[in-house]
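J.: Sequence:
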Amino acid sequence: VASSGEGATLDGKGGTGLFYLDGGCSLTLRGLLLVNGRAYHGGVVEAIYAGDVEIIDSTIRDCRADDDGGVVYAWNSGAVSLTGLTVTSCSALNGGVVYAAYSGAVSLIGSIVASCSAVYYGGVVCEYYSDSLSVAGVALIDNRAINTGSVLYLRNLDQRSSISNASFTGNTAGDGKTIQADSPLDWDCHLGRWMPSQGQFLGDFSAPKCYPCSAGYYGNTSGLAEASCSGQCIRGHFCEKGTAVPEPCPSGTHMPAAGAASEESCIPCAPGQHQPLAGGEECLPCAAGSFTASVGLAACDPCPGGGYCEEAGAATSMVWEPCPAGSFNPSNGSSSSAACELCPAGTASATRGAESSETCVPCRPGTVAAAAGLSECASC
1 VASSGEGATL
11 DGKGGTGLFY
21 LDGGCSLTLR
31 GLLLVNGRAY
41 HGGVVEAIYA
51 GDVEIIDSTI
61 RDCRADDDGG
71 VVYAWNSGAV
81 SLTGLTVTSC
91 SALNGGVVYA
101 AYSGAVSLIG
111 SIVASCSAVY
121 YGGVVCEYYS
131 DSLSVAGVAL
141 IDNRAINTGS
151 VLYLRNLDQR
161 SSISNASFTG
171 NTAGDGKTIQ
181 ADSPLDWDCH
191 LGRWMPSQGQ
201 FLGDFSAPKC
211 YPCSAGYYGN
221 TSGLAEASCS
231 GQCIRGHFCE
241 KGTAVPEPCP
251 SGTHMPAAGA
261 ASEESCIPCA
271 PGQHQPLAGG
281 EECLPCAAGS
291 FTASVGLAAC
301 DPCPGGGYCE
311 EAGAATSMVW
321 EPCPAGSFNP
331 SNGSSSSAAC
341 ELCPAGTASA
351 TRGAESSETC
361 VPCRPGTVAA
371 AAGLSECASC
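For the sequence shown, full-length UniProt numbering gives the first residue as 1, with consecutive numbering after it.
Worth flagging that the hints you see were computed from the coordinates, not collected in a lab.
Mixed in with the good hints, there may be bad ones.
Per label pair, the in silico range of CB-to-CB distance [as the list claims (entries may be wrong)]:
1) Ile48 to Ser164: 27 to 33 Å
2) Ser164 to Gln200: 31 to 37 Å
3) Gly203 to Glu226: 17 to 23 Å
4) Ser167 to Ala278: 57 to 63 Å
5) Asp204 to Gly110: 17 to 23 Å
6) Ser294 to Pro344: 25 to 31 Å
7) Thr221 to Asn156: 25 to 31 Å
8) Gln200 to Ser167: 45 to 51 Å
9) Val361 to Ala293: 31 to 37 Å
Please read all numbers here as calculations on a predicted model, not as lab measurements.
Ideal placement from N, C-alpha and C gives every residue a C-beta, glycine not left out.
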């Protein structure tokens with residue numbers, strides 16, 4: 001059976017349901033205004049041992065079941081598909097919009113459902129022993145259940161259900177549970193986000209925003225079902241809440257352990273050490289000929305000219321050794337006395353730590369420096 005109309009109204013006037021199906025019959029409704037349907041089961045459609053039920057691009061309001069399924073009641077029937085709907089103020093004892101038991105898959109696509117309610121289970125959908133549930137592109141607002149599952153109550157479904165691009169806002173239940181699901185749910189979450197696959201879901205939430213991975217952990221795949229997501233943040237990196245890809249610790253720092261939760265967790269390199277790269281697990285000692293006197297440096301300072309620094313890992317310029325008198329060193333960063341150049345024969349220098357050959361002074365008349373590297377000229 002198919003019924004469609006550009007805004008045609010079907011009004012149960014609060015005294016009757018709108019459709020009853022059995023014997024394997026299917027029903028498609030499109031482009032209708034469905035209001036004030038009331039029945040013991042299914043304020044709009046009661047389907048018992050029936051085929052599929054489809055309602056498309058329609059508005060439904062103020063429909064009610066005295067027992068189950070404020071809009072659709074499906075028992076031992078086919079799939080229930082609700083697409084492009086605006087549903088408001090519908091109610092039942094269980095399943096304020098849909099009650100499905102021993103039936104096919106239920107889908108709620110591209111719709112708004114607001115202010116619907118159940119006395120016991122599932123302010124929007126109550127589904128038992130059926131195939132699965134698919135929710136996509138749906139806003140679920142201010143729905144309620146006096147008992148549990150202000151939006152969804154799912155139990156003993158045959159297949160995994162899925163939720164994507166859906167928001168749950170302002171829904172209330174007596175026990176605070178927005179969703180009660182003992183059948184597995186697959187959520188389409190952003191990377192760095194997760195949702196439990198089943199159990200109790202409290203308060204407001206949405207997909208793909210979902211819940212952020214815990215600080216110190218990261219989530220680089222989809223379908224994550226625990227706060228630890230893909231695992232601890234790797235060494236040399238940090239992971240704030242909701243991280244998809246670990247962030248490297250900045251140069252000048254290191255992180256030797258897994259699970260760093262913030263950039264503040266990255267450890268500055270100690271004096272005498274450096275780390276030129278981001279994402280370092282350890283700091284590196286300064287090479288001979290250099291030093292660092294401060295913490296958190298990416299590069300070591302070269303020892304000054306006029307001398308050399310033989311010690312690796314130096315934390316102060318105090319390790320600097322001056323070139324002896326009779327020599328000089330114009331270069332920074334020298335690591336041994338071999339860098340000290342001798343004053344040439346015929347000259348001498350009494351200065352220790354000289355940086356320039358200008359300190360090598362020619363011998364005065366009557367004096368001589370017969371060899372290189374002398375600190376003073378000798379009398380003839």
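J.: Each hint needs a verdict: does it hold in this structure or not?
T.: Now for the hints, and whether the structure bears them out:
| no. | hint | result |
| --- | --- | --- |
| 1 | Ile48 to Ser164: 27 to 33 Å | holds (31 Å) |
| 2 | Ser164 to Gln200: 31 to 37 Å | violated (20 Å) |
| 3 | Gly203 to Glu226: 17 to 23 Å | holds (19 Å) |
| 4 | Ser167 to Ala278: 57 to 63 Å | violated (37 Å) |
| 5 | Asp204 to Gly110: 17 to 23 Å | holds (21 Å) |
| 6 | Ser294 to Pro344: 25 to 31 Å | violated (40 Å) |
| 7 | Thr221 to Asn156: 25 to 31 Å | holds (28 Å) |
| 8 | Gln200 to Ser167: 45 to 51 Å | violated (19 Å) |
| 9 | Val361 to Ala293: 31 to 37 Å | holds (34 Å) |
Of the numbered hints stated above, those contradicted by the structure are hints 2, 4, 6, 8, listed in ascending order.
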